[in-house]
Amino acid sequence: MISRRRFLQVGGAVVGAMAAGPTLAACGDGGTANGGAKASSDLALPTYKPFEGLRPDFPGAESGLEPGFLRFPPDAIASVKAPPLKNAVSALTETFATPPPPMGSNPMWQSLNTALGAELRLTIGTDPGYPEKFATLLASDSLPDLMWLPPNQGIPNIGPMLEAKFQDLTKYLSGDAVLEYPNLAALKPASWRTAVVNGKIWGAPIPSTPFGQVMMGNPRTWQKVGGLQCSTADEFFAKCKELTNGTNYALEPAIINMLHMFGEWFGAPNGWRVNSDRSLTYLYETDNYKAAVEYAAKLWAAKVFYPDLNLADATPKTVNGQIAAQVTVGPRATSDFRAMDPTLFVDTMIPFGHDGKAKPVYDMGYGTVGFTPFKKTDEGRIRELLALMDYLSAPFGTKEYLQKNFGVEGQQYQLDGQKNPVLTKAGTQQTPGLVSALQIMTAPESVIFNPAFPDDTKKIYATEQKLLEHAMRNPTAGTYSDTSSKVGPKLTAAFRDTIVDIVTGRQTMDAYDEALKRWKSGGGDKMRDEFAAVLPASVPVTGS
Amino acid sequence: MLKRTSSTTRVKSGLPLAAKWRRDWQMVLLMVPGVVFLLVFFYLPVLGNVVAFQDFQPFLGIMHSEWNGLQNFVNLYDNPDFWDALRNTLLLAAVQLLLFFPVPIGLALIVDSLVSNRVRRWFQTIAYLPHFLSWVLVVTLFQQSLGGAGFVNNLLRHAGLDPIPFMTNPDTFPLLVVAQLVWKDAGWAMIIFLAALTTVDVSLYEAAAADGAGRWRRLWHITLPALRTVIVLLLILRIGDILSVGFEQFILQRDSVGPGAAEVLDTFTYYAGVVGGDWSSGAAAGLAKGVVGALLLWGANSLAHRLGEPGIFQKRGQS
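Order-wise, the sequence lines are chains A and B. So in our numbering, the last one in the first sequence is 544, and the numbering has no gaps at all. So in our numbering, the last one in the second sequence is 319, and the numbering has no gaps at all.
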């Protein structure tokens, strides 16, 4: 328990799982391994046919802006004609909430089984530890029908692994073939790219918010110093000092995450910087990131970080004011604070230039949480599993979406005054762990929706628009490097160890260059070459 | 030597097999669960160490992964992190041996000298209890009392003093680790010494007391010699196991003091092998550790023989 948060920082897994950290470029999602680049460009992605009959209150946009809904559509539409399953299906997935009661004593799970037509037997891993579970299961050779494959937890050698053990689904999903599964056809081409490796489609992608980490602060705490928003790094520093006294602290002790925020203010790139000659410079190699590390060390020396590095979750302390600001998975995380204190709507920091003049960046996330490949099997079974994925990927506003996320009316949820589904007491017990496990392995395109607080949706939508002004995407997203897939996670972990040493004063800034040298010779330079060789022409130049 | 061994074997196996079986079958039966346990959970997994000589990929399995000879060991040799981990492990082991090992003996002597049975039982119970707490709880307890936001430092802050970084100072980390270990396990480790103490003939004390030996002389000339065999035995076991300084205790505190102070061989194996996906390097480090451990065990046992102690295993015909 105590180590959870720490693992998240070190391992680079993602809190809440809904967005990928920006420095996790090391996540081959496939596409070009072993000369597969050409094959991948020849591949016809599944035809995109958005879900009809639903009008959001705030429209989404190509930029990544998520559509917002103030209320749940009153007459949920059925998007699936018949229950998808005839035989039980087993699956490996992960939950980011407290694990749910087991199937036998979980009416929510049982009602889902009824709706699906057969039992959905989930093996639910917890965080951290999923890659270990995945790898050991893989080595045991008795695979479940479905295995969620995260893009950012450092599962190595994805290409050969898929070829060896999993089912090529190209002929069932490519082009118009996907139209047989309308909910899968409603997933965007950008999402599908995640599931393409070696020019083949290996599963249905799992879209998530395209936004990345943000800093959030309790407005009641920050009002003493004129609010959370700042225009220079010095101003932020002064505010932090002022907010730290007695047993109150300005910042949560998640150093790597905080450093990510500072990096944005200092103009550090999202993963890789694309220079004007189309060469690549990694985050760690930029002076911007180095400056951010120095800034973090200055804040640490000023003792504004909460002094217990093992703090598992800062959320309760932010709510009660003991910690002023923390880093969350993305702009929609305001609901985590609402869940603890319904009267609290936290502020989201909009990145600013460190000296008030420089251009800040906002790092967009990965956009999906990977895909779920199938164990090798026969055509009948493949069609059955695809129908299951189709059901579980039903978009917001459908009957299937309600069943998957809220259960059965009168049992797990009730409709409130505005006809929005709200979990009952039984629901809050049975659903979160299960829903988290289902959402991480299957998902429709994301929306902003806050059942009990429609106003929050409006505010989050506005925040997203502001963040998009500074948005930067990881230029290597959607491409693949063998070296990155194999040693990237290890190199990142080693470099981060040094950074944390520097920030906490255990090592001096001299250690930075030494660690960078090791990162480069250990595989960093090779990754650069591999990524540069497949850099898409559409990626814009982000540096000089 | 070979000759002697074979001759003693013949003398010892005087009984025919059937007769031996009739005499010992209950003993053998009692042993079966233990042997099966060792076989399944220790000896069979040992075979998995072959991945140390492979470029192991879990989806290919042991059968289909490529062999790469000693490459993993060469990589380890070139990896400064491995040497850091080894250095930390040895340092922590030495500190544990010096500061932890004597504590249970002292505790046992104290408990043994308590006259009131009631007080003695209370003391024992309290001393045993922490052993049953997991490391997560122990570290949390230390964190809550000595951590940066803990009880002691909050008191210091209220008194207007600077907090003391008990939990985050890498230089004093070995002491912190031993303090935790003593708190958790010294009471439990005392049991075996207490058991050994009960075998001391009370009449020896009476005779010594009658001859005018004081408390300390009795301790020195009767109690400690009686404990000597057990102490040496446990010392050898400890030395054989010395590279296993602990895992959870370190992984839980690794970020507080940094890997420079808290990375030990076991956490290195975990981070490089399981987390980093480089299973073969992890296995190579584990194997290297096992070999060193076995050598140490053999060395310590030989030394014990030279000093005239039985040690933990003997050549046939001895004892």
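The set of hints was computed from the structure by calculation and includes no laboratory data. Hints may be right or wrong, so weigh each one.
Short derived list, chain B residues pointing at chain A, Cβ under 10 Å [to be verified]:
| hint | residue |
| --- | --- |
| 1 | F59 |
| 2 | I62 |
| 3 | H64 |
| 4 | T140 |
| 5 | A209 |
| 6 | G212 |
| 7 | P259 |
| 8 | A261 |
| 9 | W279 |
Glycine is no exception: its CB is placed at the ideal position from the N, C-alpha and C atoms.
Comparing the hints with the structure gives:
Because the closest C-beta pair between F59 (chain B) and chain A is about 4 Å apart, less than 10 Å, the hint holds. Taking 10 Å as the C-beta cut-off, the interface hint given for I62 (chain B) holds, the closest approach to chain A being about 8 Å. Here the hint on H64 (chain B) is kept, as its CB sits about 8 Å from the closest CB of chain A, short of 10 Å. Below 10 Å, beta-carbon pairs count as interface contacts, and T140 (chain B) has one with chain A at about 6 Å; its hint therefore holds.
Taken as an interface hint, A209 (chain B) does not check out: its beta carbon lies about 52 Å from the nearest beta carbon of chain A, beyond 10 Å. The closest approach between the C-beta of G212 (chain B) and any C-beta of chain A is roughly 56 Å, which is over the 10 Å cut-off, so the hint fails. A cut of 10 Å between beta carbons decides the hint on P259 (chain B): the least distance to chain A is about 5 Å, and the hint holds. Checking A261 (chain B) against chain A by beta carbon gives a least distance of about 8 Å; that is within 10 Å, so the hint holds.
With its C-beta approaching chain A no nearer than about 8 Å, W279 (chain B) sits inside the 10 Å limit, and its interface hint holds.
Taken one by one, the earlier hints fail for this structure at numbers 5 and 6, listed in ascending order.
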